[in-house]
Amino acid sequence: MNLPHPGRALAIAWLVALLATQPLPLHAAEPKPQAAEGAMTTTGGAIDLDAARKDAQALRDRLESKDLTLVDVQPFGAGAVQHWQLANGLHVLLAPDASAPLVAVHTWVKVGSAAEVPGKTGLAHLMEHLMFKSTKTQPAGTFDRVLEQMGASANAATSLDWTYYHETVPPQHLATVLELEADRLAHLDLTPLAFKSEMEVVKNERREHVDNDADGVLDEAVMAAVYGPHAYAHPTIGTAADLERLALADVQAFYRANYVPERVAVVLAGAVEPAGALREILRLYAPLTQRYTAENAKPQPPPDHPAQLDLPLDASAERLAVAWRAMPGSHPDHPALAVLSEALFGADSSRLTRRLVHDARLAADVGAHLPETKGPALLDLRVALLPGHTAREALTALEAGLQDLQEHPVTELELQGAKNRLRMAHFRELTGVDGRAETLGMAWATFADVQHHARWWTAVQSTTTADLQRVARTWLAKDKRVVILGTVEHKVSVARPRKARKGA
Amino acid sequence: MTRRWPYRSAQLFSFLALAVLVSLPHPAVAARPKRGPVPSVTVVPRPWPPVVTVRVVLGSGSLHDPPGQEGMAHLCWTSVLRGAGDRDRAQFAEALESLGAHLDAHVDKLGATIVGEVLVEQLDAFLELLADAVLRPRLDPGELDRERQQMLSDLVHVRDDDEALAHDALGRYLYRGQPLGRPTSGTEHSLLAIQPSAVKAWHARQIVAGNLRLGFAGAIDEARARSLTEKWFSDLPKRAPEPTPTPGKPPLNGRRLLLMDKPRRSQAQVVLAWPTIGARHKDAVALQVGNAVLGGTFTSRLNHEIRELRGWSYGTWSAISAGPQVSTLALGFAPANGDATPALDLAVRIVEELQQSGVTAKELRFAKDFLKGQQRFALETADRELALRMRAVQLGLQPTDIDTWPARVEAVDLKTVNRVLKEQLHPEHLVAVVVGAGKSLKDKLEASASQFAVEALPKSGAPETTTAPGHVVGKRPPPVIEQPPPADEDPATVDPGEEGETDEVPDKDAP
Chain A
1 MNLPHPGRAL
11 AIAWLVALLA
21 TQPLPLHAAE
31 PKPQAAEGAM
41 TTTGGAIDLD
51 AARKDAQALR
61 DRLESKDLTL
71 VDVQPFGAGA
81 VQHWQLANGL
91 HVLLAPDASA
101 PLVAVHTWVK
111 VGSAAEVPGK
121 TGLAHLMEHL
131 MFKSTKTQPA
141 GTFDRVLEQM
151 GASANAATSL
161 DWTYYHETVP
171 PQHLATVLEL
181 EADRLAHLDL
191 TPLAFKSEME
201 VVKNERREHV
211 DNDADGVLDE
221 AVMAAVYGPH
231 AYAHPTIGTA
241 ADLERLALAD
251 VQAFYRANYV
261 PERVAVVLAG
271 AVEPAGALRE
281 ILRLYAPLTQ
291 RYTAENAKPQ
301 PPPDHPAQLD
311 LPLDASAERL
321 AVAWRAMPGS
331 HPDHPALAVL
341 SEALFGADSS
351 RLTRRLVHDA
361 RLAADVGAHL
371 PETKGPALLD
381 LRVALLPGHT
391 AREALTALEA
401 GLQDLQEHPV
411 TELELQGAKN
421 RLRMAHFREL
431 TGVDGRAETL
441 GMAWATFADV
451 QHHARWWTAV
461 QSTTTADLQR
471 VARTWLAKDK
481 RVVILGTVEH
491 KVSVARPRKA
501 RKGA
Chain B
1001 MTRRWPYRSA
1011 QLFSFLALAV
1021 LVSLPHPAVA
1031 ARPKRGPVPS
1041 VTVVPRPWPP
1051 VVTVRVVLGS
1061 GSLHDPPGQE
1071 GMAHLCWTSV
1081 LRGAGDRDRA
1091 QFAEALESLG
1101 AHLDAHVDKL
1111 GATIVGEVLV
1121 EQLDAFLELL
1131 ADAVLRPRLD
1141 PGELDRERQQ
1151 MLSDLVHVRD
1161 DDEALAHDAL
1171 GRYLYRGQPL
1181 GRPTSGTEHS
1191 LLAIQPSAVK
1201 AWHARQIVAG
1211 NLRLGFAGAI
1221 DEARARSLTE
1231 KWFSDLPKRA
1241 PEPTPTPGKP
1251 PLNGRRLLLM
1261 DKPRRSQAQV
1271 VLAWPTIGAR
1281 HKDAVALQVG
1291 NAVLGGTFTS
1301 RLNHEIRELR
1311 GWSYGTWSAI
1321 SAGPQVSTLA
1331 LGFAPANGDA
1341 TPALDLAVRI
1351 VEELQQSGVT
1361 AKELRFAKDF
1371 LKGQQRFALE
1381 TADRELALRM
1391 RAVQLGLQPT
1401 DIDTWPARVE
1411 AVDLKTVNRV
1421 LKEQLHPEHL
1431 VAVVVGAGKS
1441 LKDKLEASAS
1451 QFAVEALPKS
1461 GAPETTTAPG
1471 HVVGKRPPPV
1481 IEQPPPADED
1491 PATVDPGEEG
1501 ETDEVPDKDA
1511 P
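Protein chains in written order, with this note's numbering: chain A, 1 to 504; chain B, 1001 to 1511.
Just so you know, the hints here were simulated from the structure itself, not pulled from any lab data. The reader is advised that the hints may include incorrect statements.
[Said to hold, decoys possible] Chain B stretches covered by chain A per the calculated footprint, using a threshold of three residues with CB under 8 Å from any CB of chain A: (1) 1261-1270; (2) 1312-1321; (3) 1457-1471.
[Said to hold, decoys possible] Computed list of chain B residues with no C-beta within reach of chain A, every gap over 10 Å: (4) Gly1059; (5) Leu1063; (6) Ala1131; (7) Asp1132; (8) Ser1153; (9) Ser1227; (10) Arg1239; (11) Pro1335; (12) Ala1336; (13) Asp1345; (14) Gln1356; (15) Glu1380; (16) Glu1423; (17) Lys1442; (18) Ala1447.
[Said to hold, decoys possible] Listed next, with one range per pair, are the computed distances between beta-carbon atoms: (19) B:Arg1419 with A:His187: 53 to 63 Å; (20) A:Pro299 with B:Leu1309: 33 to 43 Å; (21) B:Glu1128 with A:Pro139: 37 to 47 Å.
Idealized CB from N, CA, C, for every residue including glycine.
Generate the whole structure from the sequences, applying the supplied hints.
Right under this line is the structure:
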């Protein structure tokens, strides 16, 4: 049963009211060719897409700015997303929902650690940290202080293909946040003092999440083994040696080259009134003139041969990592491989999780992740072994399970369960305004395709058991995988109860 | 990678803290029994997305564990998901997960929560499974044994997560010898002592109408929630629930520090805590205001001094973990080995200074705005609001607290917050846990200006079995927080030898 979403109706009424009071002449470029009137959203509802597009076109005309182009309007969540672009190249994504009490303000930058070169790893992430320091007009600490005074949440993250900054604020503070974001995009003041203290913070982050964490050590080993010379191989946080070498001048050059309007999208989701928001964005961002000057190295392909290695860990229990070299997130097989991963590893009752955890009783936990990356992704399986058991035992059990898959394909029931769980995850992503902005921003930054998520989800829904069998043969082949046996020197065993009774 | 520590540690605490902030049992409507006693119901309706979150809160947590059987509540409430009604474990998991749904059990001192979410069209089938798990779990000896093995395995795995290890040890060390110091997850010894028949008997004692509360959030209205509750959770026993043991008098006996040795670590996890007033206390709101200044925000004193100025830690925080009568005020950070002692000394000085000199009018204004503003975020989604409402009820707060929260924060004046800080910060009775390279840290910690009595983890591995007394420190004059020297030159040009003490990464062959 799908319930109607009253927020959408309110949003449209809001737009209509604005149009009635502020009629403005037509202007700006034509949007892309329109789809048929009416569209299904990925969450199962129907929206009047034609009306939403007309509303956006009327808004564009009212704003009467030569700096603004309406790129497209598409279904999104329970409503629609408007995609705009400024003359300087900056993208703007608006997903209004008048029923939301808050607005998520995201700034997505199309640069991540994959843009770094050997010897300068960690730059993109360090840059992200330094974006919270002083600007030419605002002293250090202003950004956090202003946001926290609103009771707002603010943070940022860096990955392989992107960096993003996110705040969630009450709508009356939107203009203030946009002002701060535009200011640090153009006028960051990178000082020796800020560089020095933040570099220490980053080194401590690395110590905490990599150097003193067995799972962090394993993560880095997996990426290095899977990707070899490819830029995804090096750690986003940077190698310890590179963190010692990076200089303030490196960060300044990185900022100048990459933090430019044409590589940035401002994404607003939730309690946003499009006309007012676009006026503010035009005022703050249209004057920015920086141009993209980064020099991109020619991408190196990852190795194409299988690998297996032992990795001694400072840990109490062994871990197994199996990573299959997979496809970019935009590849047509990506959704089916995600469904297959869910069917095999996604839940307690999933076929291979059940085999490793409950039948063979080797593992405490099993998890798999298939990221959506611009370049080739990996299907990354991790098995946390029960104390006393080895990663090698788990690998043997896993291989038997995969062999069995060839003779006993995923059933319709397993497929439906996997789809249902992915559907729940889809709703979970879109429930809060921050998740909506993240979904849109990531699709834009990674694939330059705001509709990527909707397309991906549609493909998931149409996946068949035959698709799963085909992707299993193609992508879970032994010659595509890297195996790392995370071993421990001093194995710990778990005691048995004094009067253990087996069975019921 | 995130730019900054996303309050991971503090989420543990702030979740409970927020429960205090937005306390609130709103229209927690007691369902009208038709077939017999049913649990009370809280509903937070939101029409979109078409998903319903259901929470079952049981008022029996680890404070109800029988002596010597620590981990009983945990073992029981996690085992109810291993087969219930006419389904064994595999059948139960398959039935649940084919709906796209999941159920998770969480146990703490006060009670247990079983929470799950499901597509609205599958709600009825989901509630059948949930009711079976709560009311009719199989608790088969074989599955109980497997769950026990899982818990024993978790006790091993937690040793690999220094932050989790420090948090787990902190509560047990702070409240050693008291009910609050008993480990919720049990110990190897206590888990092995629990018999299947005892688990079944314990479950039977706890399942009574007055000990269960249900909550629904999302695409459901109150009438349907009530009707479904009556359908699946009626005819519960009427007898009174077992009383919750009182937590005991908070220990205040000097400064002591537990050092948990991880020989190869280049970084230490440091957490400090002391007991303070419970969520029901009249000064609880003022203490939240004071905590926001201490370490509750990215611009707090701890964050500014330890992270922003010195770069000594990725995350620095303080938070109040709320209980009805006794709460815990804790703070933490993770410095490199060479910075561990100076960072600990600095944190103690910051607490001392705050206790003696209080907050400024400007800080008070900022903290009040921050806390009032946070309420909107805490209530943004239906499932988050439901969790907070139900937790608040568990803490025994008043139904009107959610509405009055902003006004109560605003009413805190400078005189009150500084009185409360003077009364409730106990820098002379700090208890600390440090997880790190013991060999290189021990001497420095013992010689530190903070004067902690340092002790090692006993062979039992149980922090609650330590016995060393705390070090009594006398009253000291208000401390002076020294500022780090300005970095007036590009650090890239600075000789590494001038940067002070480097990390001490012990030789890999060290014992």
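Outcome of the hint check:
1. 1261-1270: This one holds; 5 residues, not fewer than the three required, reach chain A with a Cβ under 8 Å.
2. 1312-1321: With 4 residues in contact (Cβ-Cβ under 8 Å with chain A), the coverage given for the segment 1312-1321 of chain B holds.
3. 1457-1471: violated (count 0)
4. Gly1059: Answer for Gly1059 (chain B): holds, closest chain A Cβ roughly 27 Å.
5. Leu1063: Label holds. Min Cβ-Cβ 24 Å, cutoff 10 Å.
6. Ala1131: Answer for Ala1131 (chain B): holds, closest chain A Cβ roughly 19 Å.
7. Asp1132: Non-interface label on Asp1132 (chain B) holds, nearest chain A Cβ at 16 Å vs cutoff 10 Å.
8. Ser1153: At about 5 Å from chain A, Ser1153 (chain B) fails to clear the 10 Å cut-off, so the statement is violated.
9. Ser1227: At about 15 Å from chain A, Ser1227 (chain B) clears the 10 Å cut-off, so the statement holds.
10. Arg1239: The claim stands: Arg1239 (chain B) keeps its Cβ more than 10 Å from every Cβ of chain A (closest is about 29 Å).
11. Pro1335: violated (7 Å)
12. Ala1336: Violated, because the least Cβ-Cβ distance between Ala1336 (chain B) and chain A comes to about 6 Å, which does not exceed 10 Å.
13. Asp1345: Non-interface label stands for Asp1345 (chain B): nearest chain A Cβ at 17 Å, farther than 10 Å.
14. Gln1356: holds (25 Å)
15. Glu1380: Since the minimum Cβ distance to chain A is about 6 Å, Glu1380 (chain B) lies within 10 Å and the statement is violated.
16. Glu1423: It holds; Glu1423 (chain B) is separated from chain A by about 26 Å at its closest Cβ, greater than 10 Å.
17. Lys1442: holds (18 Å)
18. Ala1447: holds (23 Å)
19. B:Arg1419 with A:His187: 53 to 63 Å: With a Cβ separation near 44 Å, Arg1419 (chain B) and His187 (chain A) fall outside 53 to 63 Å, so the hint is violated.
20. A:Pro299 with B:Leu1309: 33 to 43 Å: holds (40 Å)
21. B:Glu1128 with A:Pro139: 37 to 47 Å: violated (60 Å)
Of the numbered hints listed earlier, those contradicted by the structure are 3, 8, 11, 12, 15, 19 and 21.
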